[in-house]
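First to last, the protein sequences are chains A and B. All residue numbers for the first sequence refer to my numbering, where the first residue is 16 and numbers rise by one. All residue numbers for the second sequence refer to my numbering, where the first residue is 9 and numbers rise by one.
Because the hints were derived from the structure by calculation, they are not lab data. Glycine included, each C-beta is placed from N, C-alpha and C at the ideal position. There is no bait here: all hints are sound.
So the derived list for chain B, only partly shown, Cβ under 10 Å to chain A, looks like this:
#1 D19
#2 E42
#3 G43
#4 E67
#5 K121
#6 P122
#7 I123
#8 R124
#9 Y125
#10 D126
When the alpha-carbon atoms are kept at most 30 Å apart in a straight line, the in silico DSBU-like pairs for lysine-lysine are as follows:
#11 K143(A) to K121(A)
#12 K46(B) to K177(A)
#13 K121(B) to K46(B)
#14 K341(A) to K82(B)
#15 K121(B) to K177(A)
#16 K82(B) to K121(B)
#17 K44(A) to K138(A)
#18 K341(A) to K121(B)
#19 K177(A) to K129(B)
#20 K295(A) to K46(B)
#21 K162(A) to K121(B)
#22 K344(A) to K46(B)
#23 K46(B) to K218(A)
#24 K344(A) to K121(B)
#25 K143(A) to K44(A)
#26 K218(A) to K121(B)
#27 K341(A) to K295(A)
#28 K341(A) to K46(B)
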Amino acid sequence: MDSLRVLVVDDEPGIRMAVERALRAFVVKVPDFGKEFGLAIEQAASGEDALETIRKAPPDILLLDYKMPGISGLDLMDRLNTDGVDVVTIVITAYASLETAVAATKRGAFDFLAKPFAPDELKSVMFKAAKHIVVQREAKRLAEERKHVRFELLSVVAHEMKAPTAAIENYLRMMQDRVLGEDVTAYDHPIARAIIRLEGMRKLVNDLLDITRIESGRKTRTVVDLDVREVATACIVNARELGLARNITIDLTAGAPVPMKADRGEIELILNNLLSNAVKYNRDAGRVDVGVQAGDGAVVLTIADTGIGMAPADCARLFGEFVRIKNDKTRLIEGSGLGLSIVQRLAHLYGGEATVASTPDVGTTFTVTLPIGA
Amino acid sequence: MAGKTILMVDDDVDFLEATALRLRADGFDVLTAEGQVKGEEVLSAGTPFDLAVLDLMMENPDSGFVLGHHVRRKRPGTPVLLVTGVTGETGLEFDAATAEERRWVPADAVLPKPIRYDQLKAEIDRLLG
Numbered sequence: 016m017d018s019l020r021v022l023v024v025d026d027e028p029g030i031r032m033a034v035e036r037a038l039r040a041f042v043v044k045v046p047d048f049g050k051e052f053g054l055a056i057e058q059a060a061s062g063e064d065a066l067e068t069i070r071k072a073p074p075d076i077l078l079l080d081y082k083m084p085g086i087s088g089l090d091l092m093d094r095l096n097t098d099g100v101d102v103v104t105i106v107i108t109a110y111a112s113l114e115t116a117v118a119a120t121k122r123g124a125f126d127f128l129a130k131p132f133a134p135d136e137l138k139s140v141m142f143k144a145a146k147h148i149v150v151q152r153e154a155k156r157l158a159e160e161r162k163h164v165r166f167e168l169l170s171v172v173a174h175e176m177k178a179p180t181a182a183i184e185n186y187l188r189m190m191q192d193r194v195l196g197e198d199v200t201a202y203d204h205p206i207a208r209a210i211i212r213l214e215g216m217r218k219l220v221n222d223l224l225d226i227t228r229i230e231s232g233r234k235t236r237t238v239v240d241l242d243v244r245e246v247a248t249a250c251i252v253n254a255r256e257l258g259l260a261r262n263i264t265i266d267l268t269a270g271a272p273v274p275m276k277a278d279r280g281e282i283e284l285i286l287n288n289l290l291s292n293a294v295k296y297n298r299d300a301g302r303v304d305v306g307v308q309a310g311d312g313a314v315v316l317t318i319a320d321t322g323i324g325m326a327p328a329d330c331a332r333l334f335g336e337f338v339r340i341k342n343d344k345t346r347l348i349e350g351s352g353l354g355l356s357i358v359q360r361l362a363h364l365y366g367g368e369a370t371v372a373s374t375p376d377v378g379t380t381f382t383v384t385l386p387i388g389a
Numbered sequence: 009m010a011g012k013t014i015l016m017v018d019d020d021v022d023f024l025e026a027t028a029l030r031l032r033a034d035g036f037d038v039l040t041a042e043g044q045v046k047g048e049e050v051l052s053a054g055t056p057f058d059l060a061v062l063d064l065m066m067e068n069p070d071s072g073f074v075l076g077h078h079v080r081r082k083r084p085g086t087p088v089l090l091v092t093g094v095t096g097e098t099g100l101e102f103d104a105a106t107a108e109e110r111r112w113v114p115a116d117a118v119l120p121k122p123i124r125y126d127q128l129k130a131e132i133d134r135l136l137g
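One chain only, chain A, in its complex shape (with noise of 0.2 Å):
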């Protein structure tokens, strides 16, 4: 069990004695973040003695006497203030007045404490202290993994924007040297290439965007009853563009209109994503049939695409960040590694779940279930 210290300074041995017994054995529960603290106390009987103890450990609690000689309980406070002692104290006071409470509260304390007090009430404050503590630790730690998430976020951007930028500037330099003579038409697929891998780069700029969007709960949504075929059938408009050139057809099956609470741009997202993998990693002329029905308190999307498919164990990984399935069919095939990141993350914010089944050579199809209401 973690053990918090406790500084108890009073000029009357008394009132150090009292708080000594009655918190010995006393065991703080903070049972919403399932932690136990036992209470390890120390003494203190000036404001002097103190000072020293705390500059030396500073205490995790600190029970300081309001009215002492010598250094009092106030120009201690002002004292640690000074130094930047980060402790919870909580002023012990036989005179309840409002000037005392303004006074030590402008320093800083946590809590009072009317003198003459009953160990119950000692152990109630000693109670909300514990937990004022804990959660500010969990706050702490929580910040710096936020931090570490972040740098981590930043690196693997920075090294996915190498390749690219890299290629790039490896083709424009070629072209600067005339490596293949003085006609333009000879450098055609180096052009080409440069271009897919800056919309590459685009898209992961978009993508990134997306997330962070959606990780900082900044942006704003705008829940309203919409119709999902109605948004679909528009997402498929858009969809059927890209799939031109390599003549893939999308065909949606929704009888009736699917109403639900969402936000539409949110919606969109999770269609687009999906019906662009379905039309990217899609043999050609192949087909991408895409599913929307009401049914059991949920929204049911679904987009079945006719293309290369991948094995059991990519589809385990597929939604996490930055995951690219590598081989011979996809290398040619540009993408940020966030599509279905995104449309996961969004999945979760309507409380459902995105899930994928594949056959190699046959086809993929994706289903977001998104429940209604939540």
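Start from chain A and add chain B according to the hints.
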């Protein structure tokens, strides 16, 4: 240098293609392999080459390292250039500047990625010279 054959292994098809084009324009013969597996195939086939340029991170973070060892074993004496985008912050920094380093790094030179063609060409000329 003309007439010398270079094996280039990289998982970035565009890096591979652009570099191969330039090397060919400079009179080299170039064998390209997209990734570690393809690289191993070239080695197994026994096609001769005079120098290998290997990307470090391909299918695996140490693909180029493993390939380098295989080049050393199957074609002893053939110079190996390891090209890597790995930087210091990953803790995976190494070089082949000293004899001590070359005892465990299967390369005659380690070059940072992205690399400019003229830098790469200068290293190739040095190692084949």
